[in-house]
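Q: Here are the chains, one letter per residue:
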Amino acid sequence: MSVYWSLASLYVRSFYNLPGKKTAGNNPAGKSILKVAGFGALMVFSVAYFGYLFVGLNLNLYEGLALAGMQDILFLNAAVMATAMTLVVGFMTALSTYYLNDMELQLLAMPIRPRAMFGAKFTAVYVSEAAFSLFFMIATMVVFGIKEGPGPVFYLWGAIAGLLLPLPPLAASYLVQIPLLSSARFLRNKKTIMLVGGFLGIAFALAVNVYFQRMMPPVADPAARASAVAGPGSAVSLFGGAYPPAFLAWRAMSEPTAPGASFAMLRLIAWCALGPALVIFFLSGAYARSLVGFNEAHLRKLSATGADAFIVRRIRAGAPYLTMVKREFGMMNREPMYLLNGPFIVVLLPLIAGVMAVAREDSILSDPDLAGVRALIDGGLGAALAGLVGAFLGSGTSIACTALSRDAKALPFIKSLPVRPAAYMLAKLGHALVFGVAGSAIGVGLLALVLRLDPASALSGLAAALALSSLLNLAGLWLDTANPRLSWDNPIAAMKQNPNSVIAMLGSMGLLVGSGYLAFRFEMGTGAVAFWFGAAPFAAFCALLSAYPRYAERRLAAMEA
Amino acid sequence: MIELKGVSKTYARSAVKAVDGLSLSIGDGEIFGFLGPNGAGKTTTIKMITGVLRPDSGNVSVDGIDVAADPIEAKRRIGYVTDNPELFARLKAAEYLNFVGDVYGVDTRTRQARVSEYASLFGIKDALGGSIGSFSHGMKQKLLVTASLLPDPQNWVLDEPMVGLDPKASFDLKEIMRARAAAGRTVFFSTHVMEVAERLCDRLAIVNKGRIVFMGTLAELKRGQGADGSLESLFLELVDGEAANEASPKAVV
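Sequence lines, in order, name chains A and B. Counting from 1 along the first sequence, just add 1114 to a position and that's the residue number in the working numbering. Counting from 1 along the second sequence, just add 4 to a position and that's the residue number in the working numbering.
A hint or two may mislead.
What the hints assert, rightly or not - Here chain A is said to cover these stretches of chain B; the calculated rule only asks that three of the stretch's residues, wherever they fall, bring their Cβ under 8 angstroms from a Cβ of chain A:
| no. | stretch |
| --- | --- |
| 1 | 44-57 |
| 2 | 110-122 |
| 3 | 136-150 |
None of these hints come from the bench; they were simulated from the model. Since the model is a prediction, treat every value here as computed from it, not as a measurement. We put the CB at the ideal spot given by N, CA and C, even for glycine.
Make a model of the complete structure from these sequences and hints.
A: Following this line, the structure appears as structure tokens:
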């Protein structure tokens, strides 16, 4: 295997936390098959969920554009969206993986050409971008394929375009980042670039929501709405017309069998290959040099007298349980990857909801179609909705469902301490419940404002939110105790790539949506909401909590950390 | 006092025994060196002593307390220096020391005195307000040693403690080990550095493939092997001899 392929394989395995080659007999076959089947089902479910969302969006757009006979603009929209999405996601991925870990400094010491090293990293980042882009193009092809029945060449061009479109945005990302990180030494810090990447991600999430909200709702004039979003005079079309790769993809897909289509695809290949080739050829050396300095640590030191005063002031005894909870806060909130994907959700989701409300330029209460719902809201549905939203926010931080996985590296040391495993795990639950309370209060408070709930309904909703979020957090902790991810190279794998967080998120969404449906279907009053969504989950929480310590003791004792 | 009787451990994902019927007894006031090549079972044994791993068979006791039956009480009597100081990078040194102190129930006054003593000795007192992630490997190791001594444990278990330490810190650590043994405490440590074991240990065990191939004093080792070389050459003879015996069993006969 060449140096390039060997490195690309190494990077891909590190980025996506793929297991190495299995040796015979190191994993029981039955368990392995079950795990693969479970993970496969989860992947199918996730792809189906997002596929449904994207196909729905494209369907709305198609129907709007078809009314004006402009349905082929759908491809231009898809190409621009794939480009925009891979530009933002690719920029963040390239930034967060710019310096992976100290392994890269070892690579620099080896007889490896910078072009092989940078090319391999570019390839590894490209893999996820290609998947994103392809997903976007396939969603469009599904809608157009069902509605218009184009020939097989259409799908071929669509797939090739999907694979090619992420290349220029990724090259552009490195074109910005390499000179920036080469010149700005203060940026060569993993924590700083994770924070920058995280906040870019948040801005991106907000922008995507604005875009979706403008497309998704059924409106009185879908043609006008579709035209405004993707029509010839829209920003998307104007950009698409001026950006050759998007324009060429559109040309090839709108008339796939025309003689010009093949030529357009060839030009698309040339355009998309040009960026990466230039970046890899000219900037590889600068990239390799910019990696030096990432592992430098800056330690603040105390003076001799300051150190004595510091010991008197800061070295003090405390309660063991509280010190364990404090450790959980410190370990999570100071790791940008954990903070942005965990506790920060409590702030982020309300922010996104606020932007969505502004983007829609309307409100539930002012919508004449929903006037009849007011009585239901006052009757108990408002309390139920507030409770469910609060519970979602209170349990959406992934603190509990990744608690043990995040601590994998420290687990052997923790197990050597004279502390009961149950107490250690209950400290993790305490940490999750603090954010559960905060999320519940924020979620219920916002809903109470939006739906103008009376105090009794708001309190009833808060009780439901607290009970449900506590139950969901405990269930998440149980899940991570049963099946923690103990082997990982970087925090992303413990949190974002942890199947437990996906299972917990989808599970809580399913439970909460189902509960909302039941509240609506049976027109529950405030008292019924307080009982079914408050008292019943609280009883379930207490029952689980009484059984959990024994389970945690047994499970942790058996764990070969 | 640390005692292991017929302890065995096979990891769930492996078919090979990491530790195979291991028995040893380390008395109070003794410095015991645990030597062996990589993968010999040293860390696995230490993890069973400290209650991190459960043995498949056999029994581990600390000061007469069965680790499996009463793990919390047994662990209270152990100060443990892990072989991996890359822990809790996001915590500050003082936070980590307070965490360990709280878990072991060390009161404020004692804690402050011990932190001051050991942090000064190891030269990390001025860094106590810093994040552990910004420490060098050696500083992290010194912090772990300081934390392990906060509860003044009867049994001090150290896994490769000299790795990453500068010569002065290494010297200081050896002095602390001697002082603790002189005060009637048990010191159990694993090492690859033969010179350290040679100069420090009252007794030592050489382990290979999960089994003890020698246990006794250095003088006994030299006598038994009929050689007058360094511990390093004796160690190599023992380990290589085991390997050769396994490769051609007839040679033993």
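Q: Run every hint past the structure and note whether it holds.
A: Hint check results:
Judged by the Cβ-Cβ criterion of 8 angstroms, the stretch 44-57 of chain B is covered by chain A as claimed, because 5 of its residues qualify and three suffice. Counting residues of the stretch 110-122 of chain B whose C-beta lies closer than 8 angstroms to any C-beta of chain A gives 7; at least three are required, and the coverage claim holds. Coverage of the stretch 136-150 of chain B by chain A holds in this model, with 4 residues showing a Cβ closer than 8 angstroms to a Cβ of that chain against a need of three.
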